[in-house]
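K.L.:
Please construct the entire structure, taking both the sequences and the accompanying hints into account.
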Amino acid sequence: MSAAPVRIFVPIDAAALSVGAEAVAQAIASEATTRGLSVEIVRNGSRGMLWLEPLVEVETTEGRIAYGPVTAKDVAALFDAGFVSGGAHALRLGKTEELDWMKRQQRLTFERVGVIDPLSIADYRAYGGFKGLEKALALTGGEIVDAVKASGLRGRGGAGFPTGIKWKTVHDAKAEQKYIVCNADEGDSGTFADRMLFEGDPYLVIEGMVIAAIAVGATRGYIYLRSEYPHAHRTLQRAILKAEAAGMIGASVLGSEHAFHLEVRLGAGAYICGEETSLLESLEGKRAIVRAKPPLPALQGLFGKPTVVNNVLSFAAVPWIMDHGAQTYADYGMGRSRGTLPIQLGGNVRRGGLIELAFGISLREIIEDMGGGTLSGRPIRAVQVGGPLGAYLTAEQLDVQMDYEALAAMRAMLGHGGIVVFDDSVDMAKQARFAFEFCAKESCGKCTPCRIGATRGVETMNRIIAGTEVPKNIAVLRDLSKLMTDASLCAMGGLTPMPVLSALNHFPEDFDRPPLPLAAE
Amino acid sequence: MAGYPAWDQDSARMIVAGLAHLEGATLPMLHALQDEFGYVDPQAVPLIAEALNLSRAEVHGAISFYHDFKTAPQPARIVKLCRAEACQALGCESVVDELSRNHGIAVDDHHAGDAIVETVYCLGNCALGPSALVDGELIGRVDAARIAGLCQHGKAHS
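Taken in sequence, the protein lines are chains A and B. Heads up: the first sequence begins at 1 in the numbering used here, then just goes up one per residue. Heads up: the second sequence begins at 522 in the numbering used here, then just goes up one per residue.
Derived from the structure by calculation, the hints contain no laboratory data. None of the hints are false.
Subject to a maximum C-alpha distance of 27 Å in a straight line, what follows is the list of computed DSS-like cross-link-like pairs (lysine-lysine):
(1) K446(A) <-> K591(B)
(2) K286(A) <-> K441(A)
(3) K591(B) <-> K286(A)
P.N.:
The structure is reproduced here in structure tokens:
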């Protein structure tokens, strides 16, 4: 027992836990005890190869060797095969870093996720953490803002607004109190990058928020996290305590004159809180009713004070930018979409997970090459990009590049980078109906086009699905969609027509069915 | 109700007082009360209103806006089943149909007794769906039989 214990990594990411990672960790611990082997089990984040979860890694002299998907039942056989020294076994995948899925990526934001112990400050520092913050502390607020501007970083929440310009507005505003708010209400179906980042590298987001605070002169910050993420919540709460103890946040950031106090706040199951003004209302303790803009949150945000509201991934990009330089970041990407995008591939797909790449890769490469097509093995029929308010694309449209402008040109949107694959069993009229149903349930109710329009949309879709006066009802559907697009106060009502119209335009055959027989079955 | 003490106005008052110093304390208070008692009793409304110098209407308005907050005791077992697009693509609606057809479980039926299967939209497990969240634990690749089993398990504990 004198040798150093073998380090074995078993993810504590919620997705890995959802398919049995906890039982695997326990089995490894008890098997090691039985065999008198000295092992150290590290609970890391997920590498993002979710179809291989639980993915167990063993640290060897040649590097980390991956095994997966491992079940608790496999553990004894893995020990028999000598997996603690990287031994051969049917589940052995090879060196993690050399797996095709990993090699093809450009991981900047996710460089540490799955690699380190998420809550270890020492690991964070050893793998490049704090460097961006240390560089930022040597700059003026204006210089930090200029660097973020020069990086070309655009808001990763979906709207794609230039982050540096937002920061400049808050920087220039005069106020006794300013706030930094992290929008972690990752409600879009098909997205989980924020969750993985919090569970796999929480200090990165905190570091990004601290840099923002120094840049604009804010001293308080909140992370607004959705309540559907209990694992991320636990990790974040612990990370904030440890970050305070390490002097990363608190009365003096790394011994400087800057103070930054940070809290995590839980949402309460309202999709609309992903909209920034609604999120601010919720943080203030109110019904999350969308605010009219102007005033911009940058000038009158939380409690009426100048506030930076950014997505998790926007904050998380900043430490890398500060450390490696704005131009290095801007060298990735295409057109006006600079840097990398953490893409989330889900739905009916064989190999789903997280893929971070420079903007510009095509949907087809992601879904077919990396994703391996559908899980069901049936043909791809539709792909929804950008969450529940994003467009449905056809299998023929997949050559489009992942880029804000390229998708907008085809009346689609990138959103938060989520891709959901459907096979040929999908009924697109039902998907269109669902878009309205979701909007009706989640509308904040402030503006009429969204509040009433969504319900009228469900009714219209019911008539179309029943085959009642289809041409007339499709005309109503188009008219209603135009009205919601033009007259809604925020993206909830304004973009609900995007999935609806894309379904109608790309899959018209699903909207033209004969009337249902009255006595079904 | 298994796991939760009955509503107690004095404990509730202490929980509210303990959080009154926070900025925008309403949601933290409501979460803390629901964590303690499993729901937010309407008696909490005047407590929070007084502690935060709000009208009762404002507090009631906040409680009723958010899907999470329940104003009556909940079943011992709550299974949150994701029915958003990524899980739809993997057949969550078939799971709902099968629960009803083969297991006598109607999703979102609040009169079902000891267990309830509730609709939620997205648990962030979109590559391993259909997904459910039970007692804070996430379950991937879930099917109707597993959910029905979880509901039975809930009954055994109540």
